[in-house]
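Model the full assembly from the supplied sequences, consistent with the hints where possible.
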Amino acid sequence: MITYALYFSIGCFALALLFNLYRVVRAPGVTDRVLALDTMAVDAIALLVLFGIWEGTAIFFEASILYAMTGFVATVAYGKFLLRGDIIE
Amino acid sequence: MDLFWEILISALLVIGGFFGLVGSFGLVKLPDPMTRLHAPTKAATLGVGAVLIASMIYFAAFRDSLTLHELMITLFIFLTAPISAHFLAKANLLRNVDRTTLTRPEGEGDWAVFTPLSDTSAEELEEAAEAERDEAR
Chain A
1 MITYALYFSI
11 GCFALALLFN
21 LYRVVRAPGV
31 TDRVLALDTM
41 AVDAIALLVL
51 FGIWEGTAIF
61 FEASILYAMT
71 GFVATVAYGK
81 FLLRGDIIE
Chain B
1 MDLFWEILIS
11 ALLVIGGFFG
21 LVGSFGLVKL
31 PDPMTRLHAP
41 TKAATLGVGA
51 VLIASMIYFA
61 AFRDSLTLHE
71 LMITLFIFLT
81 APISAHFLAK
91 ANLLRNVDRT
101 TLTRPEGEGD
111 WAVFTPLSDT
121 SAEELEEAAE
131 AERDEAR
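Protein sequences, first through last, are from chains A and B. FYI, in the UniProt record's numbering the residues of the first sequence are 1 to 89. FYI, in the UniProt record's numbering the residues of the second sequence are 1 to 137.
Careful: at least some of the hints might be erroneous.
What the hints assert, rightly or not - For each label pair, taking beta carbons as the anchor points, the in silico distance ranges come out as:
1. Y4/A x G109/B: 23 to 31 Å
2. D98/B x I87/A: 45 to 53 Å
3. E62/A x A136/B: 52 to 60 Å
4. A77/A x A61/B: 37 to 45 Å
It should be emphasised that the hints constitute simulated quantities derived from the structure, not laboratory data. Glycine is no exception: its CB is placed at the ideal position from the N, C-alpha and C atoms.
Put into structure tokens, the structure is as follows:
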């Protein structure tokens, strides 16, 4: 039963990543692009964790922690740049 | 007992996948930038949280190794999602919204985005305090 739930969940997040990629490529505004990139990082974390369950190893958690941190820092840097035209003043 | 854990993990995985998909679909579907901000920062965060908790229960129940890494990632995402959403909302307010059509916030002052000294760094604040001290002297 877990296997089928995993299939469903991986399919959902893969489709979600495709939606995000579409939003990155064609976006009405620059904030939408940044938001789509942030969501891509979050969905990639979910896919990493799901692959960890699939393989039965705990080795992917470090990778997902790194993904979470760099994703957040990137989003804040983009937001700061959009707000002030500069990142570190 | 194994069946109970299997049902719980499967339910969490399905819920997580569904909410993750809804969050990203909302990013494509919703009509204007401020509403589009809602979908990924709330639904997708919940979806990822559900998947992470499912992973934690799976490793505790079937692999006999309770790790709290997932809880840490969940906490981190739940803490950082509102911050990035707030940054993007401010950027959106600055770039896309016509200032004359905005209602004013309650109390004194204007929106923080449009007030020049509201988003200052610590250094600038120190400089301002120093200038004030010089003036007092």
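Each hint, compared with the structure:
| no. | hint | verdict |
| --- | --- | --- |
| 1 | Y4/A x G109/B: 23 to 31 Å | violated, 55 Å |
| 2 | D98/B x I87/A: 45 to 53 Å | violated, 27 Å |
| 3 | E62/A x A136/B: 52 to 60 Å | holds, 53 Å |
| 4 | A77/A x A61/B: 37 to 45 Å | holds, 39 Å |
Checked against the numbered hints listed earlier, the structure breaks hints 1 and 2; every other hint is satisfied.
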